[in-house]
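Numbering-wise (UniProt numbering), the sequence shown opens with residue 1 and increments by one.
Keep in mind that a hint or two might mislead.
[Said to hold, decoys possible] In silico lysine to aspartate or glutamate, EDC-like type, Cα no more than 20 angstroms apart, as pairs:
# : residue 1 : residue 2
1 : Lys615    : Glu635
2 : Lys189    : Glu297
3 : Lys59     : Glu218
[Unchecked claim] Distance windows between CB atoms, simulated:
# : residue 1 : residue 2 : range
4 : Ala665    : Glu488    : 20 to 30 angstroms
5 : Gln181    : Lys219    : 52 to 62 angstroms
6 : Lys150    : Thr716    : 51 to 61 angstroms
7 : Lys449    : Tyr190    : 33 to 43 angstroms
8 : Asp50     : Thr716    : 21 to 31 angstroms
9 : Thr328    : Lys265    : 48 to 58 angstroms
For the record, the hints were derived by calculation from the structure and aren't laboratory data. Since we're looking at a predicted model, the values are computed, not measured. Even glycine gets a Cβ: it sits at the ideal position worked out from N, Cα and C.
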Amino acid sequence: MDNEFDNNIQEETHSIKDYFNLIRINIIPILLIGLTGLAVSVIYAFTARDIYTASTALKIQKPQAGGILSSPLLPEISDFGNDRFIANEIEILKSRRLRDIIASALIDSFNTVNNPDSFYVLLDHSFDLEDNGVKLKSKYDLMEMLDKVKIEQKRGLDIVEISVESPVPYEAQMIANCYAQSYEKLNLKYTRQQLSKVVAFLQKQRTKKYQELLVVEEKMKKFQVEGRIIALDDQAKALIDILSTFEAQRDATSLELSQAEENIKQYKEEMNKQNSSISKYIENYATEPRMRALQEEIARLEMERDVAMSDTTMSATRKELLVNKNRTIRDLRKQLNEQLKIYKESIYAASPAELKELSLKLLTEEVRYKSLQATYQNLNKIIDNYESKFNELPNRTIGFARYQRELNAYEKLYLLIEEKYQEALISEQSTPGNVLIIDEAQRPVKPSKPNRKLIVVIGLILGFGFGVGFAFVRDYFDNTVKTPEDIEKENINVLTWIPKIEGVETNKEFEFIIHEKSDSIYSEAFRVLRTRIQFSKLNNGGVKVIHITSSTPQEGKTTIAINVAGSFAQTNKRTIIVDCDLRKPRVHTVFKEQRFPGFTDYFLGHTDLESVIHKSKLPNLDFITCGTIPPNPSEILGSQQMVDLLARLKTKYDLIVLDSPPIIAVTDSEILSRIADTTILVAASGETEIELLKKSAELLQHDSDSFIGVVLNKFTFKSGYGSYYKYYYYYSNNKDAKKKKFFSKKT
């Protein structure tokens, strides 16, 4: 268990190191992309136009519940979420109607200021300026521009902030203030329109009730002229006063019922234009039995309370009962409010977006109407009760009392309507609306944008982020072998890895590095490979013929073959390398020798064996060049003559190295692997595709048992892949110091 845990930690550590190594390998493109991002951000940051922001703050208050004509219940049941009200007002702030008003106001302001330097956002920059003239955007374009104005509610407050951006400070200030002022005026207009309807309704009722009052007064005078004036006793006066009070309340309730009925009619007409089913749905909620029962009970208790209060000789017991009734009424109203809130939430959720607020208004008015009906019915019952007492008055006084009662009722109703009418007139003229500009926009002094430091930092982060992303994408789509682990993951043995020989592209002498720089890290790598080859066939009588191939061209198999041969020669083994790549031979170029006479010339009988064997600069190392390129390389390599040649060479040399063509391209390497003691496959780090390497290994393993593993060539441990490796030490003498170099795989 502990070992498993340790392995998991090690794998995770390796994974993190792999990421760092990947970045180190791609450090050049990452730096280029990162610096490009930095340069672009710097150029943008210091060439971008300064932007100024002006903000104005509005306090939007929810209108007072109820109105000039409102029932006692309405103030409590009409409230429904201040946040939702603010959200609705924000939508009005964003509406096309308001933007149309603001656009017209901006056009007027532009014509008034008449200073082009004070504007930028409002100007049409596609206009071809002539004689330094300017052109204002069209009204439509101004409305589109205003749609980008930032409007947001401050969290938890009834404050809405309007923010405008412009390259010109004055313009930002002007647009922000114009927006706020236009909204304030529109809101005031909406508010006063509602009051105007109330004023018109009350004025009509005021005139009507005044005429009715005059008629009653005329009847009273006529009754008095006829000489029937009778003085009423105190009991009759009190009864008349109570009756007239309740009759005035009933008539006022009747007026409210008429107003509520008219409102419901208007709401339904407006709603039915879009969806007729919703109004029926709302009506069902308003007439729900529990709701009706609560309304009727509240109306009954209120009437009982009012009757009790009309008794001026109440005892302490009755006062206590009155307190209890008020407490009960409050509890019932609370239940009604909770029930209504549930209904409102259901209706709000079920209604289309454009009908949500209208649905709530209709529900509120329906509930108000039902409450008024209950109140009206209870008032009628009370009046009927007092009417029976009134009829018990003596016959000689009942006629005069009836006129007096009717006159009192009309007077009280008229005075009530007159009072409400005067209140409505005052409210209509003096109401400030529910919008208050608490903070006008000031001309900004400092630009709010661009934040140049932030832009540069973001550019730097994004640049290097894209660079790192490029590295990961590049690595993801890169299916080449990079490390020895990549080969081992495919269950292929890795003999060793050979570092990339620096400068070999410009100086071909470095290809024979085992001789040119025998004390270098590269030479040490070949000596490691030599040791691994020697130990690979200990149980089979040792190694005499080494066959070296690759998957594709340009993987460095010839360089590996020559240096492997050289490493064996340095141990005083008589070694010969034979160029069996009869299609694109290269051995002769490394040793700077003529290609012919060579291997094929000997096969064709054009020369003897001694003539094709050449001495190298390294003692104990000979080589045979390709010779004339034949039309049938595979037949030559698979012939009995090839077997005989190797037999003759074995008598003269301790080791024979065969350099063959790539195995994927032709069958030459498969043929040679059958007659060799050991076959080595060369792969180039960052060049050889994994699938090709697997295919090559499968071919070699299928045809013979000589295949012992892969040599990873051109491995660059400086790039970071070598961070998994601990190194052999070797010392190279120079004028100043000894250098420690590293090399072999971690054990």
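Quiz item: Can the suggested window of 48 to 58 angstroms be confirmed for the beta-carbon pair Thr328 and Lys265?
Solution: Violated, since Thr328 and Lys265 (Cβ atoms, about 34 angstroms apart) do not stay within the stated range.
Quiz item: Are Lys615 and Glu635 close enough, with their CA atoms no more than 20 angstroms apart?
Solution: violated, 28 angstroms
Exercise. Hint says 21 to 31 angstroms; check whether the CB-CB distance for Asp50 and Thr716 agrees.
Key: violated, 49 angstroms
Quiz item: Can the restraint linking Lys189 and Glu297 be considered satisfied, given a maximum Cα separation of 20 angstroms?
Solution: violated, 39 angstroms
Quiz item: So does Ala665 sit 20 to 30 angstroms from Glu488, Cβ to Cβ?
Solution: Distance hint for Ala665, Glu488 holds at roughly 26 angstroms.
Quiz item: Within 20 angstroms, alpha carbon to alpha carbon, are Lys59 and Glu218?
Solution: Violated - the C-alpha atoms of Glu218 and Lys59 are around 54 angstroms apart, more than 20 angstroms.
Quiz item: Is 52 to 62 angstroms right for how far apart the beta carbons of Gln181 and Lys219 are?
Solution: Taking Cβ atoms as reference, Gln181 and Lys219 lie about 56 angstroms apart, which means the hint holds.
Exercise. Given the range 51 to 61 angstroms, decide if the beta-carbon distance of Lys150 to Thr716 lies inside it.
Key: holds, 54 angstroms
Practice problem: Could you tell me whether the CB distance from Lys449 to Tyr190 stays inside 33 to 43 angstroms? | Solution: holds, 35 angstroms
Hints 1, 2, 3, 8 and 9, counting from the list given before, are not met by this structure.
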